[in-house]
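Chemist: The listed protein sequences correspond, in order, to chains A and E.
Read in the numbering used here, the first sequence has 243 at position 243, and its numbers run on one by one without any break.
Read in the numbering used here, the second sequence has 1230 at position 230, and its numbers run on one by one without any break.
Keep in mind that the hints are not guaranteed to be accurate.
[To be verified] Chain E is faced by these chain A residues, among others (derived, beta-carbon under 10 Å):
#, residue
1, ARG92
2, ALA102
3, LEU120
4, ARG124
5, HIS126
6, LEU138
7, ARG142
8, PHE149
9, GLU152
10, ASN179
11, LYS204
12, LEU207
No lab work stands behind these hints: they were computed from the structure.
From the three backbone atoms N, C-alpha and C, an ideal C-beta is built for every residue, glycine too.
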Amino acid sequence: MVRVTTLALPAPPASRVDRSGEPLIRAAGVWKIFGRHADRIIGTSDAELPRAELRAKTGCVAAVRDVSFDVWPGEVFVVMGLSGSGKSTLVRTLIRLIEPSAGQVDIAGKDVTAASQAELRELRRHTSSMVFQHFGLLAHRRVIDNVAFGLEIQGVSKAERLARAEKVLQLVGLEDSANSFPDQLSGGMQQRVGLARAFAVDPKVMLYDEPFSALDPLIRRDMQDEVIRLQHETGKTMVFITHDLPEALRLGDRIAIMRDGAIVQLGTPEELVGSPADEYVENFVRDIPRSHVLTIRWIMRDARPGEEDGPRLDVRTNVRKAIPVIAESERPVCAVEDGRVVGVVDRETVLTAIAGESA
Amino acid sequence: MAVAQPAARAVAAPAPRPWWRGRAGLVVAVVLGIVISYFGWRNDVPWPASLTWNSLAAHLDSFQTWLSDHRNLPHPSIVFRAFNGLASFLDDIVGWLTSFFFKLTWIGTTVLGVLVVLRYGGRRAALGVAAAFAAFAAMGLWEPSVRTFALTFASVALALAIGLPLGVLAGRSDRFARAITPVLDAMQIIPAFAYLMPIVILFSVGPGAAVATTLIYAIPPAIRITALGIRGVQPNTVEAATALGATRLQTLFKVQLPLARRMLLLSVNQTILFALSMVVIAGLIGGQGLGDVVTSGLYSNPALALLAGVAIVIMAIALDRATEAMAIRTDPAHRHLTEGKKRRLRLYTLACAAAVGLAVGLGYAFGAGSVWTGWTGQSWLLRQVQSVLDYVQNPSTFVFHITNPIGNFIVQYGLEPLRTFFVATPWPAMVFGLALIAFLVSGLRPALIVAAMLAVVGVANEWTPAMDTLSQVLVATVLTLAVGIPLGIWAAESERARRGMRPVLDVLQTLPQLVYIIPFIYLMPVSIVPGVMASVLYASPVVIRLVEAGIREVSPNSVEAAGAFGATRAQVLLKVKIPLAREAIMLGVNQGLIMVLAVVVIGGLVGSGALGYDVAQGLQRSLFGQGVLASLAILALGIALDRVTQGRRRRRLGDLA
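Looking at chain E on its own, in the form it has when it is part of the complex:
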């Protein structure tokens, strides 16, 4: 008997299990359990006061007072001097850059920008840059645009100064890569809104704080892509250099860096886009420029805010195309530079530099201002935008009859009931339920982290707003997946759909988070809806791309084999492609949740309430303690949501890059 068993096991195929016996069934059971507890003990078991650290907010407030008192002493201690020094250093960099561009005069700035891109990126990209300058002038947003560019430039330069060396290290050392990956993961799941408060406390409000915020957001992709580039260098070229007796430094500078050059420039490109998408949020804490225009216009002049949003998008697209063109055109592996060509290019560079000098000279000779102050179409544009906003708000219009019911439907059948459900469900059921789901989906460690994170939320006295936020996140994620997964599959199956979607997705991905919200304030002016809709719009492109990539990466051999057995296209999709792309789709869910959370909390600025509102209050009304606690709760919620859905996959370097 004992002998026969293993043999029998090896031969017999496992009996097919019905789905409810599997992990999916258990997850459903846990959800049912939570629902039952809701109906049994609705509102009976709120987070207990005994488990809440009520005075924490007050402590934080007095800590903040203590900090600002000591910071502003005539002779602050060394720590404060260091922080003050760092803050003013960052302030100064932005200030210098801004005044540098202003000193060039608007003619000089334009010629410099266009010629640099023309020299290294080619005619098309330069034309794009010229068009962007024209657009800033026409929108009457020249000055804020230059300020934003200076802020972005400073942030990107610093992000690269930190990110590139670390990325090279992570590319060359497995140990360092393993050590730094969890840190990068954490940096990327924290919603930007959550670290505004701590940064304001450390750097106080100003351009320096804006740069610091942007750095946190922009450094991880710089590190990841650089590491990826170094690792992408063919190992046999590195081995060949080693076999010839190259030192590690020789290998780095003569082989790895030149061959990874294209990826390194791509990481510059990505860093720029990440930094630009932060400028609006940076506007909340003293970053001057377009972001400031957006945030301050949000309530007083929405048309101008929208216009500034468009200007940011234009800048993003121009910079994206320009840096991408530069990355490709300067790649020595594909350029085949001979000595003659090199000499000619050197002349070209000189000519460009001379032209910039000439332009600056002309600017001064003709008394050109530091910024464009001539004709603008701003007032006309504002009128147009305003009339559109008025139109969609007018209850008698056609659009209103579409948007209003949708908004109301989402609130009535999605957001409201779900909020009631989450807030009123007994807290132990929520904590244990979510931890159990995390255990089933991701494993023991993630489950423990989820439980701990939810406990943090409760102790910080943020349980109710956190559950409110959670309900918004859930509704938005469901909508995101409902949009993203089918579109992703469609894009994977149809080349035409992919090509049609690409430019739309590109624009959506370059839009700063806050800009998504503005149109919805008018389109669906029902408290929570703008935040939710904006987050759907923000997260969908990534979900679409991940699903599409996952399905496209399914081995063509498997697809061909299924085809050879006579499977229809639908069968291939349902039985081969989607099951094999499951991991990518799961990653899409995970990323979707994280991105939705980031935008949903920003919705707190425009009436979504919950955790985002507490942070906004903290920033705008100086309720520091409450703001910090809400930030902490957002962070905890983000980590919890990530762990619940991360699945059993191993996070690898570059997963998120």
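Excised from the complex, chain A in its bound form:
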């Protein structure tokens, strides 16, 4: 008789994230305080005050407070927070669209905070690229000229930049609209132009500032798929700002949750949903179906003797996808990591986990 002893599901794709070398982006102790003499506040006890008190006392607003993180090559790093949490300011300080008040940012081994204006322009032209919430397209130019704009800024010749823009337009499926003008396109299509413009300069780092917030939910989903697809095809490193938790969970390899300018938790989607750092994060993730995010690692129990020959599943399999296998099997399913059984999951554990999320 044939028993299912091999993996019942294909293992999730191996991570694209390359942690072998240096991180591509490194932010260390970044502050941004708006207002007069803001630089005098950092380092004093005032900096620790809650936002409203700081504002009442000094008239300054602390938008970003002592934020540090690393982003590895190929990673999708999501910064999530409500409006006013400082996430959009944070992403702008990375390429100094807003000057950080303190802290250091390195991108691709270069100290951005110490860069001269010329170096900064070089970085913005060749290393990074940004997609904006309100698109920021040029209404007086055709779509293809918009896409080629970054190359034009760099001084690339007209024939070459139009040829490259055409290729990128194909990548985002807009080759038929090359000669249209932005106001002739729907919002979703306009943001595809924004995406294409960012891709056209072939940057190492893509920065997304709430790119899909202005779009309808259905189109938003399409665009998320588009970003996932492009990310898989091109392997770009991405910093993605959003206020939408499901979007963060869908896209992010790691997610930083911001509140009042500071990061309250930084971790993988499972870590956020599985073990929220505080009540604030817990409130956020409460309505997320845990079975969609958690892998069986989070619900498995230790194997009892004799249970180790059941059907096997990779420990990174998500609970929802594991349910059919567990339901079909008479025996507890083994969770496998690197060929070793590290735990088992049976119907009872799954039911408990699902019951837990509705409570």
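Given chain A, work out where chain E should sit, using these hints.
Modeler: Frame of chain A, contents of chain E only:
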């Protein structure tokens, strides 16, 4: 007790205060104080001679003589050479342009004008331009029209050459905008009549002086609208360009200027209108063309002056429509030009240029003159206008029975008593009273400025004429507000009223200041009245528009909320819209005063006396010292009136644009 107090204050609502306890009550009290001082010390306390610099006028006269002596030396010093050079440069520009149009012949000029507008502005606008040319020919005013156009064109080109770069700077730099705003404010509250004298002294009389006068008037709107356009470019497009590594110049030329293009062209449009409204005044100091016809016809041939006024209006409307159409039709953000379309347009441009060349060639081949000298209906038109003027002047007609009593009523119950009151009131009461009102309405700084400005008026020995002018301004402003505020509210409440008023207001706003006065010289030929009525007509459109805009801008949410509570339309208007539009209405009062002053002093040319008369005398009889002092007094009065009514609002860039 000490602990309980703040809590109690936070909870208790402030007790309603009767109106006389508020600021309005204090203002009334100050006015009452001035009135009491009038009855107590009438004519007893004139501006003291000890506080007057009597010899100032003589000093200025000798300064002027010194200036003209040194200017005309065989080898003038570098400063005078610079001024002479500038003056002749401006003269020459106008001269070149005029002779350029003349050399094209009248056929060439017409075809050039019509085809340029046809190519960039479309058929309707081109038709308007063609009609304007026909009108100039029919009125027999072709030559002065071309001269006026050359003068306007030169002024506008220079105003834009200065205004656009400064406007771009003000649009991109907050610091520069803050620095330049007060200068622009000052330039715009100075009545044109006040800077004629200094300009004549610097540039002497001629087209150059006319251009310089027009520049002062036309540059501020050019700067403001340009800055507004640059600032109006969506910040996220600028940010996107920066994020792609654009330099500041790349951002300016590839993003900000193209996207602000429509506003930039609008600023061209506004500059043209401002410049055109100055051509009549420019006619006083040597600007040739229609303005000259108006000012010299004012006494000798009023029908011709009126006709020339109409020609200016026609030119203004044609240019306004043409430039507006060009601004809209050439906007790349809305045109969606593809390569094919671009190629076709290039061909079209070539064809137009060829047609202009052909027209000029034909003009020479058939010996067409530099100006239209064929048939005109001028004498017929003049007869018609004259007969209307005669009709309204005839005491036996129906119109006379309406206009004459109105004019007399205004003089008898408004102007005369008020003039007596202002002139006879003790000067300390006036100075302190007005400063106090400025303090109550606008704050401490404006109050100090008002006191200083009135002191300047007194020291310059212009106290009595200034008080005379002030009384005229006050009467005219009251009339303006009585007309403007209700009409503004009506226009805001009724779409039909707004649409009906719009063309009338458009025409009134394009009329040069002096042209308003001419009909009233005949309609109400009582010394001061024409100036006052003309200023009412001149200032009302702006008041109407400001009030209308203010009420229309009241948040629809507030109006909807009031409606949801069952407020009637009148209640919504009185309790929601008007209170919320207070700032706009206050701005209307402020602007109304400034504009009234500008025209009231022009009335000095036709018998209003007071400060305007002194300036006119200065210009026409070469009484320079007196003219300059009167100009100074007008300027001081303008600043004082502005500060009294500016309110506590912060002036922002574009307030007046």
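Chemist: Decide, hint by hint, whether the structure agrees.
Modeler: Against the structure, the hints:
For ARG92 (chain A), the shortest C-beta to C-beta distance to chain E is roughly 8 Å, which falls under 10 Å, so the interface hint holds. Below 10 Å, beta-carbon pairs count as interface contacts, and ALA102 (chain A) has none with chain E, the closest being about 22 Å; its hint is therefore violated. Proximity of LEU120 (chain A) to chain E holds as hinted, the smallest CB-CB distance being about 8 Å (cut-off 10 Å). Annotation: ARG124 (chain A) was flagged as interfacial toward chain E, and the flag holds, the nearest CB pair being 4 Å apart, inside 10 Å.
With its C-beta approaching chain E no nearer than about 8 Å, HIS126 (chain A) sits inside the 10 Å limit, and its interface hint holds. Given hint, LEU138 (chain A) at the interface with chain E, holds; its Cβ is 6 Å from that chain's nearest Cβ, closer than 10 Å. This hint holds: ARG142 (chain A) has a C-beta 8 Å from the nearest C-beta of chain E, less than the 10 Å allowed. About 7 Å separates the beta-carbon of PHE149 (chain A) from the nearest beta-carbon of chain E, less than 10 Å, and the hint is met.
Given the 10 Å rule on beta carbons, the hint for GLU152 (chain A) holds: about 7 Å separates it from the nearest Cβ of chain E. Annotation: interface hint on ASN179 (chain A) holds; nearest CB of chain E at approximately 6 Å, less than 10 Å. The beta carbon of LYS204 (chain A) is not positioned within 10 Å of any beta carbon in chain E (closest approach about 14 Å), and the interface hint is therefore violated. For LEU207 (chain A), the interface hint holds, since its Cβ comes within 10 Å of a Cβ in chain E; the closest pair sits about 8 Å apart.
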